[in-house]
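Residue numbers (my numbering), protein chains in the order written: chain H, 1 to 87; chain A, 1 to 296.
Worth flagging that the hints you see were computed from the coordinates, not collected in a lab. All of these numbers come straight from a predicted model, not from anything done at the bench. Ideal Cβ placement from N, Cα and C applies to all residues, glycine included. One should not assume that every hint holds.
To be verified - Heads up, incomplete: computed chain A residues facing chain H, CB under 7 Å, no partners named:
#: 1; residue: 172
#: 2; residue: 173
#: 3; residue: 174
#: 4; residue: 175
#: 5; residue: 177
#: 6; residue: 179
#: 7; residue: 182
#: 8; residue: 185
#: 9; residue: 188
#: 10; residue: 221
#: 11; residue: 222
#: 12; residue: 225
What the hints assert, rightly or not - Residues of chain A clear of chain H, computed beta-carbon distances all greater than 10 Å:
#: 13; residue: 15
#: 14; residue: 22
#: 15; residue: 35
#: 16; residue: 149
#: 17; residue: 176
#: 18; residue: 210
#: 19; residue: 250
Unchecked claim - Mimicking DMTMM-like on lysine to aspartate or glutamate, the simulated pairs with C-alpha atoms at most 25 Å apart in a straight line are:
#: 20; chain 1: H; residue 1: 16; chain 2: A; residue 2: 260
#: 21; chain 1: H; residue 1: 54; chain 2: A; residue 2: 263
#: 22; chain 1: H; residue 1: 16; chain 2: A; residue 2: 262
#: 23; chain 1: H; residue 1: 54; chain 2: A; residue 2: 262
#: 24; chain 1: H; residue 1: 54; chain 2: H; residue 2: 14
#: 25; chain 1: H; residue 1: 55; chain 2: H; residue 2: 28
#: 26; chain 1: H; residue 1: 54; chain 2: A; residue 2: 260
#: 27; chain 1: H; residue 1: 55; chain 2: H; residue 2: 24
#: 28; chain 1: H; residue 1: 83; chain 2: H; residue 2: 9
#: 29; chain 1: H; residue 1: 54; chain 2: A; residue 2: 248
#: 30; chain 1: H; residue 1: 55; chain 2: H; residue 2: 27
#: 31; chain 1: A; residue 1: 261; chain 2: H; residue 2: 14
#: 32; chain 1: A; residue 1: 261; chain 2: H; residue 2: 2
#: 33; chain 1: H; residue 1: 55; chain 2: A; residue 2: 229
#: 34; chain 1: A; residue 1: 261; chain 2: A; residue 2: 248
#: 35; chain 1: H; residue 1: 55; chain 2: A; residue 2: 260
#: 36; chain 1: A; residue 1: 261; chain 2: H; residue 2: 28
#: 37; chain 1: H; residue 1: 54; chain 2: A; residue 2: 229
#: 38; chain 1: A; residue 1: 261; chain 2: H; residue 2: 27
#: 39; chain 1: H; residue 1: 55; chain 2: H; residue 2: 9
#: 40; chain 1: H; residue 1: 16; chain 2: A; residue 2: 263
What follows is each chain in one-letter form.
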Amino acid sequence: MELRRQLKEMIITELKLVNVTPDDISDDGPLFGADSALGLDSLDAVELVVLLQKKFGVEVGDRNTATAAFASINSLAEFVSQKNARA
Amino acid sequence: MNGPKKAPRYGHRAGHRIFRWVILHFGVGPAYAVLVPVIGYYVLFRPSAVRAAAPYIRRRFSGRGRWGRLRLTYCHYYQFGLCLVDQAAAGLLGSESLRIEFPDAEVLRRLSDEGRGLVFITSHVGIWQRAISVLGFMGRTVYLHLRRDAASESMGLAAFGKPGPRIVSPDDFLGGIPELSSALAHGNIVAVMGDRGFGSATCARVGFLGDDAPFPLLPYHLALTTNSDIVVFLTSRIGRMRIRLRADVIRMTPDCRVLDKEEARMRLLRCYAGLLEDHLREHPLMWFNFFDFWAG
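Isolated chain H (complex conformation):
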């Protein structure tokens, strides 16, 4: 399955988003913040960090990495791809 779709399905299932399908999540829209259509908050960020480690084996160690990776689905997919490519 394409990585972006995998990430979307993970977010929907694990963060228990109701009435949301992968097609509803924009690839370049913000994941967090007031402008996000998903309504994710900081507690969801805790989950996402742990999920990325468990399911993709990647770590979000510092604030600069987090800021870049969590900007959108596109940036998250790029982050996961780059980390796995180096591994």
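Here the structure of chain H is known, so what remains is to put chain A in place on it, guided by the hints.
Quick look at chain A alone, frame taken from chain H:
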């Protein structure tokens, strides 16, 4: 539900410099004496100070009349002043000048040896800033969730020893939470405030001193998601330059993982609120949230 508002700040730079000068030249005793008229001024001539303490005083000491509550307000601010003087003295005279009683140290040492992440929940009680510096003995990296200006102003960061703590600011992206989560996943220690959220922190209301009050959910969510144990870390000033630390451990047992996460969070939060209430039963003038904690 968002976190409570910021507490008001009292005093000004000149006043702080006077206290530092007195401590350096005459010691803490005379500094305590200077507090007497200073606190009197605030209680008698600054109605905002009395209003700020009133929500707690009214609940903790219910049934007292107006003059009784005013006297208690004075005592409350005086205790706060004593803690500030001792904290300043520890910074000026050296951290070894502050005697710390820590009967639970061995329990924490054994817990630390297990190598799992630990969420230390701190509170605005006693000389909490200096108390956190004790965590340096655990030999693991401590991540402090607080604003960088507060950290540099009031924390005895040098008392941690090497390598010092890492400050993760709630003003960082997503409140610094990605960094905190990652720290716990690597078996480090994260210290988070339990009795005051930052900015738009997600909170929940539980009973506290007779009424529902908002507490931040972050510590419990961090612990549950990363399978880290919780340590409720409370302090009290027990005399001149003496503090006692209390650490109550809440283990992440299999029962926690069976529960719905929201239910598990609330149980942990109620546990914390109960421990804090117990602590304040024993040290009623040692909690320093000078605003209406129950609003929000």
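Hints, verified against the model:
1. Hint on residue 172 of chain A holds. Least Cβ distance to chain H is approximately 5 Å, under the 7 Å limit.
2. Against a cut-off of 7 Å between C-beta atoms, the interface hint on residue 173 of chain A holds, since the closest Cβ of chain H lies about 4 Å away.
3. Against a cut-off of 7 Å between C-beta atoms, the interface hint on residue 174 of chain A holds, since the closest Cβ of chain H lies about 4 Å away.
4. With its C-beta approaching chain H no nearer than about 5 Å, residue 175 of chain A sits inside the 7 Å limit, and its interface hint holds.
5. Evaluation of the residue 177 of chain A hint against chain H yields a held restraint, the C-beta minimum of about 5 Å falling below 7 Å.
6. Among the interface hints, the one on residue 179 of chain A holds; its C-beta lies about 6 Å from the nearest C-beta in chain H, closer than the 7 Å criterion.
7. Here the hint on residue 182 of chain A is kept, as its CB sits about 5 Å from the closest CB of chain H, short of 7 Å.
8. The beta carbon of residue 185 of chain A comes within 6 Å of a beta carbon in chain H, closer than 7 Å, and the hint placing it at the interface holds.
9. The restraint placing residue 188 of chain A at the interface with chain H is violated, with a minimum CB-CB distance near 11 Å, outside the 7 Å limit.
10. Look at residue 221 of chain A: its Cβ gets to within about 5 Å of chain H, closer than 7 Å, so that hint holds up.
11. Taking 7 Å as the C-beta contact cut-off toward chain H, the hint placing residue 222 of chain A at the interface holds, the least distance being around 6 Å.
12. The interface hint given for residue 225 of chain A is met, as the beta carbon of that residue sits about 5 Å from the closest beta carbon of chain H, less than 7 Å.
13. No beta-carbon of chain H is positioned within 10 Å of the beta-carbon of residue 15 of chain A; the least distance is around 35 Å.
14. Consistency note on residue 22 of chain A: stated as away from chain H, and its beta-carbon is indeed over 10 Å from all of that chain's, at 40 Å minimum.
15. For residue 35 of chain A, the non-interface assignment is confirmed: its Cβ lies about 39 Å from the closest Cβ of chain H, beyond the 10 Å cut-off.
16. No beta-carbon of chain H comes within 10 Å of the beta-carbon of residue 149 of chain A; the shortest separation is about 17 Å.
17. Non-interface status of residue 176 of chain A relative to chain H is broken: a Cβ of that chain comes within 10 Å, the nearest being about 6 Å off.
18. For residue 210 of chain A, the shortest C-beta to C-beta distance to chain H comes to about 28 Å, beyond the 10 Å cut-off, and the non-interface label holds.
19. Once the 10 Å rule is applied to beta carbons, residue 250 of chain A is consistent with being away from chain H; the minimum gap is 18 Å.
20. Distance check on the hinted pair: residue 16 of chain H and residue 260 of chain A sit about 12 Å apart at the alpha-carbon level, within 25 Å; holds.
21. A C-alpha spacing of about 23 Å is found between residue 54 of chain H and residue 263 of chain A, which places the hinted pair at or below 25 Å, so the restraint holds.
22. Our distance criterion of 25 Å between C-alpha atoms is met by residue 16 of chain H and residue 262 of chain A, whose separation comes to about 12 Å.
23. Using a Cα cut-off of 25 Å, the hinted pair residue 54 of chain H and residue 262 of chain A holds, with the two alpha carbons roughly 21 Å apart.
24. A distance of roughly 12 Å separates the Cα atoms of residue 54 of chain H and residue 14 of chain H; the hinted pair therefore holds under the 25 Å criterion.
25. With a C-alpha separation of about 22 Å, the suggested pairing of residue 55 of chain H with residue 28 of chain H holds against the 25 Å cut-off.
26. Note on residue 54 of chain H and residue 260 of chain A: the hinted pairing holds, with a Cα-Cα distance of about 20 Å set against a maximum of 25 Å.
27. A distance of roughly 22 Å separates the Cα atoms of residue 55 of chain H and residue 24 of chain H; the hinted pair therefore holds under the 25 Å criterion.
28. Taking the CA atoms of residue 83 of chain H and residue 9 of chain H, the gap is near 20 Å; set against the 25 Å cutoff, the hint holds.
29. For the hint linking residue 54 of chain H to residue 248 of chain A, the alpha-carbon distance of about 30 Å lies beyond 25 Å, and the restraint is violated.
30. For the proposed pair residue 55 of chain H and residue 27 of chain H, the alpha carbon gap of about 20 Å is at most 25 Å, so the pair holds.
31. Between residue 261 of chain A and residue 14 of chain H the alpha-carbon distance is near 12 Å, which keeps this suggested pair within the 25 Å criterion.
32. Under the criterion of a C-alpha separation no larger than 25 Å, the hint pairing residue 261 of chain A with residue 2 of chain H is inconsistent with the structure, at around 30 Å.
33. Under the criterion of a C-alpha separation no larger than 25 Å, the hint pairing residue 55 of chain H with residue 229 of chain A is consistent with the structure, at around 23 Å.
34. Distance check on the hinted pair: residue 261 of chain A and residue 248 of chain A sit about 22 Å apart at the alpha-carbon level, within 25 Å; holds.
35. With a CA separation close to 21 Å, the supplied pair residue 55 of chain H and residue 260 of chain A stays within the 25 Å bound.
36. A hinted pair counts as satisfied when its Cα atoms are at most 25 Å apart, and residue 261 of chain A with residue 28 of chain H does not qualify at roughly 30 Å.
37. Using a Cα cut-off of 25 Å, the hinted pair residue 54 of chain H and residue 229 of chain A holds, with the two alpha carbons roughly 19 Å apart.
38. With a C-alpha separation of about 29 Å, the suggested pairing of residue 261 of chain A with residue 27 of chain H is violated against the 25 Å cut-off.
39. Between residue 55 of chain H and residue 9 of chain H the CA atoms are separated by roughly 12 Å; this keeps the pair inside 25 Å, and the hint holds.
40. This hinted pair checks out: residue 16 of chain H and residue 263 of chain A have alpha carbons roughly 15 Å apart, not beyond 25 Å.
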